[in-house]
Amino acid sequence: MEKYVVAGLEINKVSIKELLFNNTMLIAYLLLALGFYGVYEVFHERYFLLTANVHDAGLNPGSREVAHAMKEAIFGAGGEVKREQPWTLYIVNYMYMIYSGSAIIFLVALAEIFNIEVIKKTAAGFMTFGLAMVLGGLFTIAADLNILHMQWMFLTPNFGAGMWLMLPLYAIYIPFVIFEIYLIISKNSIWVRKIAITILLLSIIIDFIEFYIQAKLFDMNTARHLWTTYPMLTLYFIISAFVSAIAIMIIYSMVIYKDKLKDEFESLINLLRVSALYMIALLAIYEAIAYLFIDKNWGAIILFGEFKFFFYLYIFFAIGLPFILEFNKHTNKLWIIIGAISVIVGTYLGRYIFVYGGNAYPMSNRFGTGFEKYGEYEMVKEFIFFNPPISEILVVVGSFGVVLIVYKILETLFSVSKVIEH
Amino acid sequence: MNFAMALDYQNCINCKACEIACKYENGVQLGADKQRIWVGTTEKSIFGKPFSNFYPSQCNHCLDAPCVDVCPTGASYFAEGGLVMVDKDKCILCKGCMEACPYDARFVDDKYVAVDKCTFCYDTRILQGETTTACQATCPTKVRLFGDLDDENSSLVKLLKERKFFVLKENEGTVPKLLYLFPQNDKRFAENSISHSTTLHTWETFKPLIEKAKEKRGSQWKSM
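In order, the protein sequences belong to chains F and A.
Quick note: the first sequence, position 385, residue 385 per this note's numbering, numbers continuous.
The number in this note's numbering is simply the position in the second sequence, starting from 1, with 422 added.
These aren't lab readings, by the way, just hints derived from the structure by calculation.
As the structure is a computational prediction, the values presented were derived from the model and not from experiment.
C-beta atoms are modelled at their ideal positions from N, C-alpha and C, and glycine is treated no differently.
You may find that some hints are simply not true.
To be verified - List time: in silico DSS-like cross-link candidates among lysine-lysine, alpha-carbon distance up to 30 Å: (1) F:Lys71 <-> A:Lys456; (2) F:Lys71 <-> A:Lys510; (3) F:Lys216 <-> A:Lys609; (4) A:Lys634 <-> A:Lys644; (5) A:Lys644 <-> F:Lys216; (6) A:Lys636 <-> F:Lys216; (7) A:Lys471 <-> F:Lys296; (8) F:Lys71 <-> A:Lys438.
Unchecked claim - Covered, in the sense of this in silico footprint (three residues per stretch, anywhere, with C-beta under 8 Å from a C-beta of chain A), are these stretches of chain F: (9) 42-50; (10) 403-412.
Chain F extracted, bound-state conformation:
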């Protein structure tokens, strides 16, 4: 294929059709279209919902709009999050995408530091997919915010707020990862070797800060004791993200590197399989210890209450089944794939019960439980559980489209998945 070379970077000479209208992109567009429909639904609800207050009712007594708004106020279920629906699938997907994507980048940087040849050769592909996942996660969270007021993040920043820290974090993190990928795939190999260690160390530090800030964000929610009582939340995010990241790397390798790596493919898969086993074991140990520390109310509903179904599925898919399937060195590739898919499903369920479980008791079981939370208009419930609305499910589907689009464009232009000796 013909190439342009810009600053040592080879760019494939492809037509617009090849770049934007290949099969992968068409699937991605379909997913993204569903995602944008979800965003439209969310925005419609957010910005165009008919609402009224008493003043509107007094000033416009004959208005049909006010009448509709009052009807919505009494019978409707529209609007933003409510007490009974605090945080939903947005956050589950955001956590999954960002943490797993960051973990892929983290693991690859770590492998480069330890000079693991097979990962060094495939680093650009893995990192690009990790970056695409991070962007997919950000797409999800962007739909959850009032974008019309985002300028205040810059104009009146609160530097100490975990939510604000996300802004500089990703403003540094994303360009940094792009620079790292550039260094790997560019022909500036001498220069790359000179600064490789520094860049990799920086990458690991930035990755660690990312997990720390994310954990801080959840830990600041003092009303949610599932989150605040989880011991060493940063470590939990890292371990659980490593598990899902390795599973994603296994699937990615099966699709991309099976033919490209030839003889080294076995060693790559074996490395990922063994890493998965260690991480799954670590996650199992962590969860077993964590449940000795977390607030007993949350522990009880997750282990024995309405969340138990999800919890045992999580344990089965994320820990039990894959541990058995990946344990045998000579296991069939099919079992390794099934094990990896099982981990991906299981760890997503893990995020689900972490977010939904955290929302289950908006208040701790201290004096005053219940009465601040539940108005007399609402039926008193022991915990909150609800299914995500269709608009959020569509936004999540759209985030998969974002992942595909970002990855495929970078792959088409820069052949990031090619095996690189450096």
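Let chain F serve as the given structure and place chain A on it in line with the hints.
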């Protein structure tokens, strides 16, 4: 000034006049779950004798408010008088404050696409020269008393010097300023009906707490 409110909660008859007055006075979005203030109910029994308590509640205007800390844009801020306020134009709807509030006192105002909460009627009444909040003014059984904790001669401080009181979820460490007056009659019943871990305060024990919190956060108070 350091605004606070005492609540003689045993006087509450759950008529919800305060909720209505709040909606009228402050133009709160219509809807049953869109409330700046509300009356909570607990039902318990002591040795088989059932009883219920009504706890009128709202934003506690904590002196060490976690909702202010988590706000990324400064939309939630401390105003003069130690009030916790929301600038709706700056709210990006991250809902961090709703999560951080131990009292669940915040909700999304769909009309302004921003978080809303009790303001102690500061913008609608107090700045206009009124001395009471709408909820206090309308209460038929005089549950609430709004006042200034910095003024030792205010009715509020005088009352707090006479009566014991408690705050909700004191161990969250937010120094809340909704002060629930411990009932004067049938103290044993009242002691049994609230949690054993609840600390009963007198003015002498509570004053150092608010002074310490004010010293810590007072520099963040903004004039309106």
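Hint by hint, here is what the structure shows:
1. With a CA separation close to 14 Å, the supplied pair lysine 71 of chain F and lysine 456 of chain A stays within the 30 Å bound.
2. For the suggested pair lysine 71 of chain F and lysine 510 of chain A, the alpha carbons sit about 25 Å apart, so the restraint of at most 30 Å is met.
3. For the hint pairing lysine 216 of chain F with lysine 609 of chain A, the CA-to-CA distance comes to about 42 Å; that exceeds 30 Å, so the pair is violated.
4. Proximity of lysine 634 of chain A to lysine 644 of chain A is assessed by CA-CA distance (about 18 Å); at most 30 Å being required, the pair is judged to hold.
5. Using a Cα cut-off of 30 Å, the hinted pair lysine 644 of chain A and lysine 216 of chain F holds, with the two alpha carbons roughly 27 Å apart.
6. Straight-line distance between C-alpha atoms of lysine 636 of chain A and lysine 216 of chain F comes to about 25 Å, which keeps the hinted pair within the 30 Å bound.
7. Of the pairs offered as hints, the one joining lysine 471 of chain A and lysine 296 of chain F holds, with about 28 Å between alpha carbons and a cut-off of 30 Å not exceeded.
8. Taking the CA atoms of lysine 71 of chain F and lysine 438 of chain A, the gap is about 21 Å. The hint holds against a cut of 30 Å.
9. Coverage of the stretch 42-50 of chain F by chain A holds in this model, with 3 residues showing a Cβ closer than 8 Å to a Cβ of that chain against a need of three.
10. Counting residues of the stretch 403-412 of chain F whose beta carbon lies closer than 8 Å to any beta carbon of chain A gives 0, which falls below the threshold of three, so the coverage claim is violated.
Checked against the numbered hints given earlier, the structure breaks hints 3, 10 and satisfies all the rest.
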